[in-house]
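Participant: Okay, here's what each chain looks like letter by letter:
Protein chains: 4
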Amino acid sequence: MSKTIKKVGVLTSGGDSPGMNAAIRSVVRTCAYHNIECVGIYRGYQGMIEGDFIEMGARSVHNIINKGGTILKSARSKEFRTPEGRKKAFDELTKVGVDALVIIGGDGSFTGAEIFNQEYGFPVMGIPGTIDNDIYGTSHTLGYDTALNTVVECIDKIRDTASSHNRLFFVEVMGRDAGHIALNAGIGGGAEEILIPEAELGLERLLESLQKSKATGKSSSIVVIAEGDKIGKNVFELKDFVEANLPEYDIRVSVLGHMQRGGAPSCYDRVLASRLGVKAVESLIEGKSNFMVGMLNDEVTLTPLLQAIKGESVIDRELLRVSEIMSI
Amino acid sequence: MSKTIKKVGVLTSGGDSPGMNAAIRSVVRTCAYHNIECVGIYRGYQGMIEGDFIEMGARSVHNIINKGGTILKSARSKEFRTPEGRKKAFDELTKVGVDALVIIGGDGSFTGAEIFNQEYGFPVMGIPGTIDNDIYGTSHTLGYDTALNTVVECIDKIRDTASSHNRLFFVEVMGRDAGHIALNAGIGGGAEEILIPEAELGLERLLESLQKSKATGKSSSIVVIAEGDKIGKNVFELKDFVEANLPEYDIRVSVLGHMQRGGAPSCYDRVLASRLGVKAVESLIEGKSNFMVGMLNDEVTLTPLLQAIKGESVIDRELLRVSEIMSI
Amino acid sequence: MSKTIKKVGVLTSGGDSPGMNAAIRSVVRTCAYHNIECVGIYRGYQGMIEGDFIEMGARSVHNIINKGGTILKSARSKEFRTPEGRKKAFDELTKVGVDALVIIGGDGSFTGAEIFNQEYGFPVMGIPGTIDNDIYGTSHTLGYDTALNTVVECIDKIRDTASSHNRLFFVEVMGRDAGHIALNAGIGGGAEEILIPEAELGLERLLESLQKSKATGKSSSIVVIAEGDKIGKNVFELKDFVEANLPEYDIRVSVLGHMQRGGAPSCYDRVLASRLGVKAVESLIEGKSNFMVGMLNDEVTLTPLLQAIKGESVIDRELLRVSEIMSI
Amino acid sequence: MSKTIKKVGVLTSGGDSPGMNAAIRSVVRTCAYHNIECVGIYRGYQGMIEGDFIEMGARSVHNIINKGGTILKSARSKEFRTPEGRKKAFDELTKVGVDALVIIGGDGSFTGAEIFNQEYGFPVMGIPGTIDNDIYGTSHTLGYDTALNTVVECIDKIRDTASSHNRLFFVEVMGRDAGHIALNAGIGGGAEEILIPEAELGLERLLESLQKSKATGKSSSIVVIAEGDKIGKNVFELKDFVEANLPEYDIRVSVLGHMQRGGAPSCYDRVLASRLGVKAVESLIEGKSNFMVGMLNDEVTLTPLLQAIKGESVIDRELLRVSEIMSI
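Residue numbers (my numbering), protein chains in the order written: chain A, 2 to 329; chain B, 2 to 329; chain C, 2 to 329; chain D, 2 to 329.
The following block holds chain A by itself, in its conformation from the complex:
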């Protein structure tokens, strides 16, 4: 039988995303609701190693549900990848009586949690927090919905000026390994073409498509490109290539960058964070460990952490077809 949980530690790790604060708030308040103590761990695993902790009660997460970023800050920790680092972390947790962990982060953060659990039998639960939505076992990661809205708002602004000048715009969005943002925000932004790592469009087809756009009377066009697209050129090289081949186009490049990671979370991300936080803490109380909480078929579910790490998050290929039809 699992022993009773008395003090939960919570940390954010890896790239931050909107909704992390809402998830921290949910973890803290669910602990308070069940009369369990809660400790915030600053700067991810590095703060765990250094014992950079803070006691958190229901009032200490007041007015953070709507804030981007993470009040616990985030950092990458090389030291936690070593047995010595993890030993230090375990000692620091033991010192203050933390007996379970909620990890808010991505694949890399979960891997650390998984190893820590194996080595010390420490109860851990993961909450998927990354704008990229590239985690198996959940339809949405924290921050993904917000990032989509951020990108779409930027594209709307770019479209204003694109329409006024009959220009072609290349908009690069985040997504090193996964095209979720590009594909959805591309459809939402009314993009004429969407280039993502998962679907190798090829340079020839891009040129054809742009020529067709012009021929069908489109006065301006927006191409959304995931940063991890495998077309073999970065966005500036791509611009040069297209301009060399289609001299009638005057191309402008926009690299949206880190603003995609910030901003007040959308309502969806706030509700998601609240639900996942409740489930993570209550699962620990029930004696469960080594799971990721996620959303599948609009229900909160548990996926074994190892499966979440190893599984592959795939894009919905129906959306590729929708995108093609929409850009007729």
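Note that these hints are calculated values from the structure, not bench results.
Careful: at least some of the hints might be erroneous.
[Said to hold, decoys possible] Not the full set, but computed from the structure, chain C residues with beta-carbon under 10 Å of chain D: (1) I188; (2) R276; (3) V323.
Predicted model only: the values in this text are computed from it and were never measured.
Ideal placement from N, C-alpha and C gives every residue a C-beta, glycine not left out.
Fit chains B, C and D to the known structure of chain A by using the hints.
Facilitator: This is chains B, C and D only, laid out in the frame that chain A set:
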């Protein structure tokens, strides 16, 4: 065997919602993609009766994906509820060769479509468009996600001033029969209490809860109230009642009203609209009729129109628990 | 000769407004820049009486420039209106060595400062903070520009649905004694009529104007009404009156309420707050007292506090004409 | 005596900016108000040469006050720089009876108008439309205020993630010759350093300043850079240079690009556009010509077009000092 569809009519009916334009665009472009003609019908069923039509091609829906409202306008039609009205409508459609309809609207609009289909064997498909999310057969209606974000942004602003003055705010949101908006935007906005038609909290429990809030050190509170809440008082009467019973509270009322129906659609609503429009048209092409297209378990699905009309959209009661935990 | 200032107290008083935090930040950092200590006073004059103080350094105002509300909170204080209250306040300030004050607030707050200065010779400087823009001696008060954008964004959303349904909307905005918000946001929102305290349009003329609107082919209309409008009816009574006289209109009412006081400040309000804070502190250092810092002709200026209190802020009547032309 | 104006042509030229549509609306409606005809000219001077005109009445500018971009589209015209091009333009205008012009654009567009006026005695009035605010004779150009808010919102989002990771961000904003956007949005965004063409900070001082930032305990920093900054390196080279000299910094670059030109105009820009449009048309009616309408000391004023072209728009150097104090 169903005969081949040659010309699809599309209309918006009932209360408008963000994403209706994106759905019109999707219907029009899917028709173009399949070399089918498309006709826009102005002002819902009333325009159908009056033959207020416009031919629409792929370019005629340029730059509307991000616009609130509906370019086809909406109206309620008493005349369409009469056999004579529907006869006129059928004649007008026949005159221009429209042989199938896509109806974007809510329950009432679907009822009209269903009757029209029964009387004339006219192929119809429904797309659920209303911010209230009160339609059976889909997890999300068009505009619901956008409305949630609108409400949450308003609550964020109210919270700024609430925190500065230690005040209690009552925020009334839309939802005459369904508490979806209040429940989700309440959680997203960090409300201390949420009053919805589905869960009769009772006046006594509201007073208790507010007293407890004060006792636990909360300096300000926000109560979100669905307009259809069954507490037996409107929001201004409720304010008077609470102030009479808890004189330590200085209450301010905000009635968000129709702004909840407007604004640029969220990315989710744009993608949803695009997907549903494709499915509606392609289902007609496949010879299907009398269905509503919707989203269930993150997949586009068909629900018989009659079932969509008669079925009940229920709130996720887990959210009531999440809300209670979050407001500790 | 004035004695050297060593420790400045800063407080926010009256209704809060976006930009107050940016002004606090500016006061604190300008003090730090000049090696003067700074003390934050919570809850306005009431906190001053109760000695509710906090030492503030350059880092303690990190990341607040973009936050609505006021981290020092605001409150109205009856006690400060009595000589005994002011005596207590003076004693508390003396106890911690505060020898000058910056008051961020409106007319009422300045009156308190002025009396306090007269009674104790205490150096005071006022920064105009209110969304109403009803203060003499400055073209803009803190938060006014932000509130205008908030109102205009709400009207934009209402217009989406107004256009879709051919309806008439009455939108009530803040402004008990001054029509600045209604007049400017009305023009910015494309309102057909604007009712403000300063220009008594009269009920007859409103009816005429609405009839004319309909006659000239306008399909929907928005009327913006300042809450202090002297038409003799509240917005709901006005709705009843117009519907009784113009039954062809289906009117919806929106009362924007306190959300107008919140939200992230606009760039203008942040720069304004930064400039006024610098000037307030540096004026105190130069031995000046009893002034309000404001913006006139795009320059930061000083106006004697008494003049700022007694002077009248007038609307730009040219805008009434612009409004009339725009709504043709 | 000047002859009576009967038909005004209006065009947008050069880079588009938010508020241009509001200005078109104002010109059209002011014409309607004074019973003068109005013709919209598409694609700036190029459309003038090609006779690409549209008759515009009060209703044809319905619902555009809040739209970014320009419904008349904009383009640069080489042909209009030749006497032959201008002759064609004059002939086309004469053909439809246009006897006066309102030009919405920047310096380059005004130069064209000025020459056209000299050659043909054609009455012209300029309205300053550019986000850069680099035009003499007005405190604000159309779109400038909106662009400041756009940039500040982006910086707010970047700050969320900057704070979470203790990083240094370089944000490049528009402004090839003028630092207005960088300076104001830099102060508004709470930037630690602002690099603009007008103030040559020098690389050494930048390094010093960043080192000082770290020493004073700042955990993250944002540097705003005008694209026209004369530091001799583009933003990516600057990143490499700083990282080579201050290896403790992990720098991320954001190039905001054309989204700064789009978006719904702020309330200020809408009111400004409305006022300038009225003044432009009414000045033409009064027989004036060859002026730019602008805003000086919060009043609408006329500046001779030649003076507007040749004069220099200078930044407010007081703001450099404010920026320095704020980043202590």
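Participant: Decide, hint by hint, whether the structure agrees.
Facilitator: Going down the list of hints, with the structure as the test:
For C/I188, the interface hint holds, since its Cβ comes within 10 Å of a Cβ in chain D; the closest pair sits about 5 Å apart. Here the hint on C/R276 is kept, as its CB sits about 6 Å from the closest CB of chain D, short of 10 Å. With 10 Å as the threshold, the beta carbon of C/V323 comes within range of chain D, its nearest partner Cβ sitting at about 5 Å, so the hint holds.
The structure is consistent with each of the numbered hints, conforming to all of them.
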